[in-house]
Every structure is written in structure tokens, then in C-alpha cells.
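Q: So you can see what is in the structure, the chains are spelled out below.
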Amino acid sequence: MASSGGPMLRLENIHKRFGELEVLRGIDLDISQGEVVCILGPSGSGKSTLLRCVNLLEPPEQGEIFVEGRDICKGPGSAAGEAGWELDFVRQRVGIVFQQFNLFPHKTALENVTMAPEKVLGKPGEEARGKATQLLERVGLADKLNEYPERLSGGQQQRVAIARALAMDPHVMLFDEVTSALDPELVKEVLDVMRELANEGMTMMVVTHELGFAREVGDKVIFMDEGKIVEQGKPADVLDTPHEERTKKFLGLVLER
Amino acid sequence: MQEFVNQYFDVGFMVDHFDEVLEGFWLTVQLSIVAGVLSLIWGLILAQLRQLPGKGFLPVRFATIAYIDVFRGIPLLMMILLISGSIPSLQFLPEWLRIPQWFGKPDNFWFGVFAITITYGAYMAEVYRSGIEAVPSGQMEAARSLGMSHRQAMRNVILPQAVRKVFAPLLNDFIALMKDTTLVSAIALSEVALVGRDLQSQFLNSSGVVLGAILFLAVTLPLARFVDKLISREQGRFTRGAPRVEAL
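Residue numbers (my numbering), protein chains in the order written: chain A, 61 to 317; chain B, 157 to 404.
Pulled out of the complex, with its shape left as it was, chain A reads as follows (with noise of 0.2 Å):
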């Protein structure tokens, strides 16, 4: 939990570049406990790979990252490397989702979910397959326990994926455009399980197109372009009223559709 009332997640002044690029402008972010962030943007923004920094999959050039107060990537762009970043600690505190979904084929769903906190954390078999059930259950997946990946539909298998990660206990849950690669009467069960999730209480940085779940369920939205955060605020305020222009032409896209 965080720390003596501090954000659960504060991001100072992030830079990331791949190459000639700069990805990522000067980041600046507080996330407190319990609160979802909902991050629109067109593509190439560098909303994808802020979500990636927050766990050092893609590890920022510049800037500080905490989570719970602690500063998980001391130093980055040092030669200390990976040894200078906190990735124990970041990677079993917060959990992602992937547009890909990007469940092992080999396993089974409940092999997905029980594999990390058996390998892990050490958990026996039994107490993984329980917690494992219960989640996937919670996901309403409860007769597709024995089920291979191939053998779901997309909306299933992100339902699966995000089992797997709160089968780790994070304490937030990062969502990569997760609804963007299944078919539109898909989208509904996840954003569901999305939905209750905040509702419980996760913190939650979701990266999204989904006007309406933006509105519905996000405490906070942010609108990125160009690796830098143009607008934020409440999402009414943001969807409806939106100051800037580039907010204003991009909304104005989306809608269209």
C-alpha cells in the first residue's frame, strides 16, 4: 500500500527514445491509490511505451519512477543496467495486460495463471490452483479452466490474461489498448471485468480508445501527442470540454467513426 499517503505511482520527467526517435517528452505523473487513468492519444504518441516504462519493460533514458514511494529505476541509462533497476519489486507489484493478450499456447488457461506464482513466488501447486480457479471464476471463466488459448476467443483469452496478472497480487494494473484486437462484440466482457476491477479499488493506467468506458469508469483522463501530456483532467472535462486543439481534432476523429 502506499506509503504515508504518497501517490502509488509517480513519474518524474521520463524520457525515452529508440534511436534518432524520442518517444516519450518529459513525463510527469502522480497516480494515487485506488484511482484509474484513463490515456488516449493517436497512435505513435507514446502512450504504449509510457505504460511500458511504468514497468521497465521498456526502460525510460531519464527521469524517476516510483511505485510506493520507492524508485524503481536508480540511475537508468547508467552501466549499472538492469542491476539499477528495481525489477523484483516493480514486476510483482504491477501487473500488465497486453493488446496481444499474449498467453502461453502451451498451457492451459489455468497453467497461464497458476505459472508465475508457482515459479515465482514459490507457491505450491495447490494453493496457485485454487487462487488461480477463484480468479478466473471472478473473470467468468470458471468452465474454461482446462481450455488451451487457441481454443478461446479473444475476449476469453484477455479475460485469461488479466487473471494472470492479478494472480500476482499488483497492487496496480497497467491495460494496453487491450480491447483494440478482438471483434467489437468481444470488447464488452473485458471492459466488464475492467469495470469491476476499478470498482474494487485497483489502481489502474489504462491505455484505451473506448470513449465511453474513459467516461464511465475513468477518475482521471490524459490525452498524450508527441511523447508529452497535452491535456488532463476529469474525463468530462477532457471529452467534452477539451482546451487544446490537438485534443479538440483528435476527439473529433474518434468520434467520427
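You may find that some hints are simply not true.
Covered stretches of chain A (in silico footprint by chain B; criterion: 3 or more residues with CB under 8 Å from a CB of chain B, positions within the stretch not fixed) [unchecked claim]: (1) 152 to 164; (2) 167 to 181; (3) 185 to 194.
Straight-line alpha carbon distances no greater than 27 Å define the calculated BS3-like cross-link-like pairs of lysine-lysine that follow [claimed, not checked]: (4) A:K248 x A:K191; (5) A:K179 x B:K321; (6) B:K321 x A:K167; (7) A:K179 x B:K211.
Because the hints were derived from the structure by calculation, they are not lab data.
Backbone N, C-alpha and C define an ideal beta-carbon position, used for all residues, glycine too.
With the hints as your guide, set chain B onto chain A.
A: For chain B alone, coordinates are given in the frame of chain A:
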């Protein structure tokens, strides 16, 4: 025409010398299995060394690549000659290594095993690598984001998928390895080719060699059909590997 048949397909000759040839072939099979298993293991180790992440392991990766390049490029026969010809003379090595006679097998059997493992380990490392690289990068990311170390992710997520993908090509390499064991006849191991050759020079008749070849086919043909079956099954299968997650 009769001459041709007598030279190659003298059934009476084959029956008379069946036991000798079979004994030679049995040694071939043992050599193939021991060297095959060791090559599979050594190749897997090399492939993993080649995939170690980060700057710190750069020398290891470089050394592994150099090893693979060198030993894929040297003919197996030369490796056999190099090892058997001079290892016994290296006095600084302990005797059990200079003149290995483990499990009741003569030293030339083990020199053959060493040479084949060194060479085929390099081939198989490349096959494993193609399998590892064919696993979508999202798999490693998912495993790492769940807190697994690189090693845990390799063992539990990447390798099981990679090995499944390359099972057929590995088996193909094993067939090639099995045939290449005949090169060990060059250092007087009485495997099937050498038995055939001795019969040839003794009786001026090749039916013994033909018999050995038939025994080979009895093993390699079913294996080859099995490989075909695996490949077509793999291709017919719905591939659900996700493409690379977009960087942005």
C-alpha cells in the same frame, strides 16, 4: 547383368554374413544414439548461451557464435582425425580422457562421439535458435512482466514452444548424424561401413555394404516419413502466435 546382381545383391552372401553386418550396425545405432543425445543437449546449451541478454554477456555470445561458425565449417571427418590422432598423445590430460573406455566401449567409439557432438552440437544450436526466434517476442515480455527471470522465462515459456517448432528439423539432423557415423570407420571402429568394407576386400563383393545400406534404410525411411508427418501437422495447425507488439 548377372555379374551386377552377384556383386551387389548376392542373397546367399548376405545370409552368410548377416550376423557380422548386423553387429556392425548395432554399433552404428549405439554411436548414433549416444552422439545424437549429446548433440541435442550440447546444441541446446549453445543456443541458450547465444541468447543470454545484456551487455555483460556479450563475450559469451560472441564466443558461442564463433564456436558455431567454426565447427559447422570443419568437415566431420577432419574433426574425427584431429581428435583421435592427437588426444591420446596429450600427456597433460588424465588417462581416462586420453584413452576413454567408458561403458565397455573402445576409445575410438568415444572419439567418434566427441567429434560428432562437437560438430552436430553446432548444427543443432542453429536449429534451436531458429525455434527460439520464431516464438513471438510478446511471450518473453509476458513472462518477464509476471516477474520471471530471463532464465525462468526461457525454461518455462520460450523453450517448450521453440522445441515443439523445431522437432522435425532436429529429427532431420539426427538422420544426417546417423549416416555420418559411418565416417568413424576411418579410425577403425567396426561399425557397419567398416564391416562392409572388410567383407569387400576379403571377398571382392559389395553385398555386405548393400546389406548395411538396407539396414540404414530400415531406420531412416520410417524416421523420414515421421518427419514429413510432423511437418504437415505443424503447417496444418492454426497458428496463433501473436505478431510483435507495436513499440508505440
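Q: Would you mind marking each hint as holding or not holding in the structure?
A: Do the hints match the structure? See the list:
1. 152 to 164: holds (count 10)
2. 167 to 181: Holds, because 5 residues of the stretch 167 to 181 of chain A bring their Cβ atoms closer than 8 Å to Cβ atoms of chain B.
3. 185 to 194: Not satisfied, violated; 0 residues make the cut.
4. A:K248 x A:K191: Given that 27 Å is the threshold and the Cα spacing comes to 25 Å, the pair holds.
5. A:K179 x B:K321: holds, 24 Å
6. B:K321 x A:K167: Given that 27 Å is the threshold and the Cα spacing comes to 15 Å, the pair holds.
7. A:K179 x B:K211: holds, 26 Å
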